[in-house]
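*Asks:* Here is how the chains run, residue by residue.
Number of protein chains: 2
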Amino acid sequence: MRNTQSIRGPVVPSRGPLRPLGTDEVRITGGFWAKRQQVNGEATLGHALAWMDELGWTGNFTTVANGAGSPVRKGREFSDSEVYKIVEAMSWEHGRSANDDLNARIDALTSTFAAAQAGDGYLSTAFGRDWQRPRYHDLAWGHELYCVGHLLQAAVARTRTAGDGPLLDVARRAADHVCEVFGPGSTGVCGHPEIETALVELARLTGEQRYLDQAALFVDRRGHRSLPAHEFGWSYFSDDVPVRKATVLRGHAVRALYLACGAVDVAVETGDDDLLDAVAAQFDRTWARRTHITGGMGSRHQDEAFGDDFVLPADRAYAETCAGVATVMLAQRLLLATGDSRYAGITDRVLHNVIATAIGDDGRSFFYANTLHQRTPARPNDDGERLDVGGGLRAPWFEVSCCLPNIARLLASLSSYLVTADDTGLRLHQYADCDVETRLADGRPVGIEVRTSYPEGGDVAVRVTRSGAPWSITLRVPDWATGAVLDVDHQRHPVAPGDVVLTREWAVGQEIRLELPMRPRFIRPDPRIDAVRGCVAVERGPLVLCAESLGENDLDALRVCTGHDPEQTGDGAVVRARFDAALDSSWPYGEPSARPGTPVPLHLTPYHRWARRGPSTMRVWLPTA
Amino acid sequence: MRNTQSIRGPVVPSRGPLRPLGTDEVRITGGFWAKRQQVNGEATLGHALAWMDELGWTGNFTTVANGAGSPVRKGREFSDSEVYKIVEAMSWEHGRSANDDLNARIDALTSTFAAAQAGDGYLSTAFGRDWQRPRYHDLAWGHELYCVGHLLQAAVARTRTAGDGPLLDVARRAADHVCEVFGPGSTGVCGHPEIETALVELARLTGEQRYLDQAALFVDRRGHRSLPAHEFGWSYFSDDVPVRKATVLRGHAVRALYLACGAVDVAVETGDDDLLDAVAAQFDRTWARRTHITGGMGSRHQDEAFGDDFVLPADRAYAETCAGVATVMLAQRLLLATGDSRYAGITDRVLHNVIATAIGDDGRSFFYANTLHQRTPARPNDDGERLDVGGGLRAPWFEVSCCLPNIARLLASLSSYLVTADDTGLRLHQYADCDVETRLADGRPVGIEVRTSYPEGGDVAVRVTRSGAPWSITLRVPDWATGAVLDVDHQRHPVAPGDVVLTREWAVGQEIRLELPMRPRFIRPDPRIDAVRGCVAVERGPLVLCAESLGENDLDALRVCTGHDPEQTGDGAVVRARFDAALDSSWPYGEPSARPGTPVPLHLTPYHRWARRGPSTMRVWLPTA
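Top to bottom, those sequences are chains A and B.
At position 342 of the first sequence (counting the first as 1) the number is 342 in UniProt numbering, and the numbers step up by one without a gap.
At position 474 of the second sequence (counting the first as 1) the number is 474 in UniProt numbering, and the numbers step up by one without a gap.
Pulled out of the complex, with its shape left as it was, chain A reads as follows (with noise of 0.2 angstroms):
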């Protein structure tokens, strides 16, 4: 059992063949994801707090405990959770950048969640006093459970970053509770699951064993059918099959996923393999048939869930952001718990085209959903589009505006998803700028810098800083890395994809050096994907590239020419392609006709990098010639 209050992560289980690095362990320094957890910091956390004080949210806690003239509470059942998100990740972001304004603005909140907290443990502005409804009368859509869940994991960012405090006090009196009225006697879940991983996680924190038995609890009491019947099905809440049973993730997709995210978290803590091995197969299953070529996951815009296997259109995509950033947890997670690299690869993929993706540049717009399709541009300003999830823009802000927060505590940790420590030394399973400074599990301090052009460029450069006895580097190369070459002790070696072992005495400046090939690639569906059938993808790297049209063509008429390869263009491609304007006609079934086009080259960009000049049309899905 390895010492899991001293590792400053979102998600430090006690055992398992990798340990993560803390974000004081791995400093983020340049690079893609550099500028981004910067705008997160100057940007996003400041945008989402104002939206929440503007529209009450973060105010519930103070007018709705004093109660005074029985006050209207603003937002949503579920408002409180986004501002526990909020407050996470301030304080991973604080943790990284010290910044002392957000630390005053933390310990301002924790003393209006302090003061809502009932004398017994409760906390939820929502529900349980004289004027508001009854406290847990509603479990399938009432989320007190999901909220104090999120509280949980704000007070072990805290707690991690921070040192114990007033906020780890409020979230041990609200776990209290739980375990008080949920324990062995009861049968209630929360309709959306949360509660079960940040309970381990508090769990591993503070090394109370009656949280984590909680955790148990809930995730397998799920799957009984003890929450009410709805149009939606069973399957919407996870309820309908026992988590060790289920074959694959199903219904809501972030429910899923947080629910599997806790199961893994279970699994690992009380060492049931049979527990973990289901989860990872479920999971495993789900990203063979029910996952975007983005990584996006939840295909159906009705109930935000998964659909049918092979059930995928592009017109649609929902893959909402927050389902992004739970496969983020759930692949950690799994990474961890297996020491499987495909799981960082997973990561890889989700990181760079649904996280990158769904936030602005400015930090303060964000996609809610992110489609794979966009064929009429959004207009911004006309029949409440910024309102609906589907829409073509990054907006400020939605009504249910969860994924904001959910990206900000992701960027604001993500230094601890790169790199891990194994029995023998360091394993690099995502590429950014980096500065690493750890010691082995026999207490020998290590250290390395990590410089890459990654995404855009394919060299990676690992150049040890700290060093003694052999040690080992593990490198990932990538599925799609067919061709990689690595040049160490000024040798020049091809190798293959998976994972890379070096063991040597390194000398401090020694360097490794990856080169992975950025040749574009076609990329052809399953024949079982009905909705993207003759058509290809092209990828470069770990992006998914699109065609985007600001009004220059029709991407209607698009038809690629595949007999060429992809050309190489900045981090793009260039394709040929025809436009092969369909003629109208009064009934679209029948013999339709087109008038074929001439073939031209067209520049194909990453898909993270779309709607980001204004209103236009995109596919990543192109229809071959």
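It is worth saying that the hints were derived from the structure and are not from the lab.
One should not assume that every hint holds.
As the list claims (entries may be wrong) - Simulated restraints, written as ranges between beta carbons of each label pair:
| # | chain 1 | residue 1 | chain 2 | residue 2 | range |
| --- | --- | --- | --- | --- | --- |
| 1 | A | SER593 | B | ALA281 | 18 to 26 angstroms |
| 2 | A | ALA461 | B | GLY563 | 50 to 58 angstroms |
| 3 | B | ARG519 | A | ASP340 | 51 to 59 angstroms |
| 4 | B | SER186 | A | ASN103 | 26 to 34 angstroms |
| 5 | B | ASP138 | A | ALA114 | 36 to 44 angstroms |
Unchecked claim - Stretches of chain B that chain A covers, calculated by requiring three or more beta carbons in the stretch to come under 8 angstroms of a beta carbon on chain A:
| # | region |
| --- | --- |
| 6 | 532-538 |
| 7 | 585-593 |
Note that CB positions come from ideal geometry on N, CA and C, so glycine has one too.
Given the coordinates of chain A, work out where chain B should sit on it, guided by the hints.
*Replies:* Same frame as chain A, now just chain B:
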């Protein structure tokens, strides 16, 4: 201006090139639709009434009217409309079958409506009493005017089939109240259109100009964003753009289609050709770009809405049954207003592929949504599947059960959609066994008998049963019927799709025979419909066919060989097809492979017949080899 009081039909314009025939002038005597009319009368009406009684929807009128103890009202805020719709259906059925039980039940329900009506004519069981929310405080979602609209249509049906009576009195008082509250000084419109078309029909029945004026006010008022902003946008309510300025139907499909019906009605009665042309152009564009091959409209589950042009995924086609009914309503109005038999072709397609599909053989189960692709068999008792409107089994009832009474009223009045009269004679639009007797514009009695095996067969025999001086019989040759042959005067003539006008001094007993070619044919989609690229469908006559599997075939692996034309078998077809099993991989994008199968014959059956033998998989669009 024709006499609109004496014609027993649901839509009786006072002018226009075609006069509808009433349900007493056209009687369906056998075949495809006679069976369905019979089941409708004998099973569906009683089934729907029993559910509405059980759920308290019919009882609301009495219990809420009494008001003792502030009784809890049952059902959703629009449940009154379902009761009115079933009364409309019962009225048409009573007119058809003279069933005394129906007559008594209509009278009994009518007295409960009268009891619930306020002194000033306001009628709703959901609003306006001391213990209820106030009248008209939520026009967007309250559905009060929508409900009154259905009351008016019920009263029109009752009056046209049974003469003046208490239901007409209730309706007139309700309509007068609407005119007083929502007259020229108001800006209010209902979130769900329906009152518009209903007011016009009541005006046609009663000759009351103020009802027509009020309908015109509602139509003109729509599109100015007077309803509150909503996540779905103003387009959901068709309140984004004025009716005259819109170019396509958009938003909630049933709302848009009902509004269009009302606009056509207003245009016809006021001689407003600009408005008529605008709506016709919107519908034409919708048919050309936003309609599934079945004629189903509305592709989005989330908001039951039209998607963008060509966003027509088969996977989870919504194609709500009510939208099918509304499409028939609108097509019939445009047929009567323009004389263009294209609109009869639209009705033909929707009747045989949406309406015929939606209702179970026993008349006691129905589809709310009509998918074009079922990937996994529905599980009737699992996970609340029967509650999910997207499920692949017909359900006896849904929480919102608008569709069943909507089909019931259409089926009970269906004979009014088959044949019309023009200046010179009769026009046959839909082919079904029927006896027709009417008088032409000059007062001459004429009659025909139609005998056909349509839609299974393509033979149509028209025998003259009553005649005099020369008059015309016009036959519609459907768009798909290239190669049709007409046998008249002992001669066979090839006839092209379109209208064939035969003017003769017809002798009683003289026969015309039309032979429509019923060879099954491959249909290819417009290349802009991404979701079905690389697929064909097969049609035979007016029927869309489908592949259905009760487990014997994996339809995900199906590949049709289009080198051979489909062969006819019964009312279906046989195509050559392979089953190419896709090879599983851990990620479904890259270079997927499949094991090609050996071509085998594959039977296709009419789409309307799917899911009648138990849970199955199904697809209308067949990937090509």
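*Asks:* Give a verdict on every hint.
*Replies:* Now for the hints, and whether the structure bears them out:
Checked against the hint of 18 to 26 angstroms, the pair SER593/A and ALA281/B passes, with Cβ atoms roughly 23 angstroms apart. Judged by the Cβ atoms, the range 50 to 58 angstroms given for ALA461/A and GLY563/B holds: they are separated by roughly 56 angstroms. A C-beta distance of roughly 56 angstroms is found between ARG519/B and ASP340/A, which places it inside the suggested range of 51 to 59 angstroms. The supplied range of 26 to 34 angstroms is broken by SER186/B and ASN103/A, whose beta-carbon atoms lie about 56 angstroms from each other.
The hinted window of 36 to 44 angstroms between ASP138/B and ALA114/A holds, with their beta carbons roughly 39 angstroms apart. Given a C-beta distance limit of less than 8 angstroms, the hint that chain A covers the region 532-538 of chain B holds, as 5 residues qualify and 3 suffice. Coverage of the region 585-593 of chain B by chain A holds [criterion: at least 3 residues with CB-CB distance below 8 angstroms; count 8].
The structure does not agree with numbered hint 4 stated previously, though it agrees with all others.
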